[in-house]
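Undergrad: Chain by chain, the residues run as shown.
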Amino acid sequence: MSWNDVVVLLPEIILTIGASLLLLGPFFTGRPKRSTSMSLHPVEEPAAAANTGASAKWWTLALLAITAISVVVCSSLAEGMTLSASFSQMFALDAFSIFFKLLFVAAMAMVVLLSDDFLRESRYSTWEYYSLLGFALCGMMFMASGVHLIAIWVGLELMSLSSYILAGYYKNEEKSTEAAMKYFILGAVSSAILLYGLSLIYGVCASLNLLDIAKVMSTLTTNNALMFGIMLLGAGLCFKVGAVPFHVWTPDVYVGAPTPITAFLSTGSKAAAFAVFARVFYVALPSFHLDWSNVLAVVAALSMIVGNLAAITQTNIKRMLAYSSIGHAGYILLGIIAMSSTGLRGILIYTVVYVFANLGIWATVLMMRRHEYAGELIDDFDGLHKRAPFWAFAMVMFLLSLGGIPPTAGFIGKYYLFAAAIQAGYGWLAIIAVLMSAVSIFYYFRVVVAMYLRDGQDAEVANSTSLQLVGGIALAVTLIFGILPAPLISQVEQSSQWVATRAAELHGGR
Amino acid sequence: MDALTANMPLVVFLLVGTVTVASAILVVAMRNPVHSALFLLVTFLCVAVLFVMRGAEFVGAVQVLVYAGGIMVLFLFVVMLINVRTLPEERITSPYWLGGIAVGAAIFILLATLVRTGPYHQEVNRPDILESIATHTMETTVAANGKATTGPVVHYTLAGNSEAVGNSLYQEYLVPFEVASLFLLVAMIGAIVIGKRELGAMEEETAPDFILDRVKTEHEVKEVVNA
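In order, the protein sequences belong to chains U and Z.
Residue numbering for the first sequence follows the working numbering, starting at 1 and increasing by one per position.
Residue numbering for the second sequence follows the working numbering, starting at 1 and increasing by one per position.
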């Protein structure tokens, strides 16, 4: 262990210390002062709790800012090394991990902003909530930089463990508890499956380092235990991204979890799982591409079909977005199946686009929240353009981006993914993807129709600065990268270079 | 008799393995939670024996100390505290039991045919692998064509089993080990957040201690305060 080792993990170390310190927050800010009136009306309590809640938010944002700065500083410190791996070659600080780390921090900062009002309205403790978000981010960053399957697995588990608790954070609400329970049990089973897959891969390759695995695999022609290991690894990861045979938890958990946590699960958590998916399959498993790509192709096709068709009939917007996120997992899988530099770029671009568009939608959904469940039904969006014309417009842009319509960034992402699928000879998969995008536009437009063509209800729109900030950032990213994609594309090309060339070397060698 | 002594490890494995599986099934099949807990204890002990048979003495000892010793006591404490004598009479089997058994059998056959055959890496099958300490170094090797490449090289030195485990935990797997301790922290936060009694903060401050001692829920506090 040397200073170089520490540099690679410095952002995670800072984040871990910071997240632990957040737990001590209540001791330093003190208990909120209560009014002496004897009112037992629960509505008046949040106003007093707002005091500490607000400072928790600021401390968390400051921590995230420090983490982001440390990621950038460490990346420049570690520059010059093509792949600087540390701690027995377990963690790498390459362009790929920096790209995802910064994306995770940005997404997490937006989730924190989304959570602010939501937490103030409840009387659940804020500091633990933000601390758990910090630990989840820490796990995600381990996942992005891990080049060793055990390192990746512990990162994945840290993220999942925090998400299970956060999904059940509203413990007095039956739906939230149910969501946490389902997520926990299914998640535990899936990580057991993943771990079993890892143990089989270790048995065959005698190493869990991605590069060593790739090296051993390139000498093998076929191996039963290895095939089974890859299958179990794929199954575990497919559970985390919510691809079809393993998607059953998604709708229930997304609906039951507190809305900001749903936003986190559908953006940050998913992006982290795809970072791992891409890294493991591109770096470690290219030699067996022919064997696993066909299985993944079926998974991707089923995800797109089932996710998008099931979304059509939903009346609850959280449930609709859950099914649509299953479909999006299918699209991103195209990039992994394609196993080419275009595919990898597609994954990175689409992840960015999807994360920001989705966070924008969740911000709009949270704005509609007036009482307990308002804003959850598509009917709640009736006549939104009269009440909040700007946010109705923003919502249309986000939905267009998810649907992949040109003026928005979603088009660029889908273009890359579909092109990669066609180049790799998966024309049929690209056809399914295009057809299902058309289906998705149909149900996205149900929301647009509700907002513009139906008469409004009296549900008001929350006037919250933090929600507006999130919506504004998401809208800016969606539109700027839609009109001027060049900076994003060149950044992605740079970030995916190392992983893509590794994959090309090994894949071409077969 | 010679055949028996020659195959002793296999005989012990089959015996212990059968007991492991049977007691694991009984853990979920028992209606009395105390019985379930005791069968869990049997499972843990049998798994420890299996570890020792594979040469992982340290893990076997830890299995006995931590699982059979620590975690079982915790289980029994919880069982005693919540004081459930028998579970309510309801069907344990779900309507999907037939499908479940079919899937389980299919996976078992898959494992037995595919996973058992391997073939596995010779390094993993080395008899001394559990007794060896791995050291990672960067070394320059000169290939036959005179081209020098620098890459990570692993050296193995022989040591005791516990020493080898300790070394790999605190040297090679230091960071994952530390992250695993973060799991415990997160789990603890979760247990506190979900488990703690949530009184309305107002009631908590205004209600006198003797009321707080007597009542269990926030609702009861409200009733008492209003009265």
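Calculated from the structure, these hints are not laboratory results.
Be a bit skeptical, because a hint or two may be false.
[Claimed, not checked] The list that follows gives simulated cross-link-like pairs (lysine to aspartate or glutamate, EDC-like), each with its CA atoms no further than 20 Å apart: (1) Z/196 <-> U/178; (2) U/386 <-> U/376; (3) Z/196 <-> U/173; (4) U/175 <-> U/212; (5) U/171 <-> U/121; (6) U/215 <-> Z/123; (7) U/57 <-> U/5; (8) Z/196 <-> U/174; (9) U/215 <-> U/291; (10) U/175 <-> U/252; (11) U/386 <-> U/455; (12) U/182 <-> U/252.
Undergrad: Looking back at the hints listed earlier, which ones does the structure fail to meet?
TA: 4, 7
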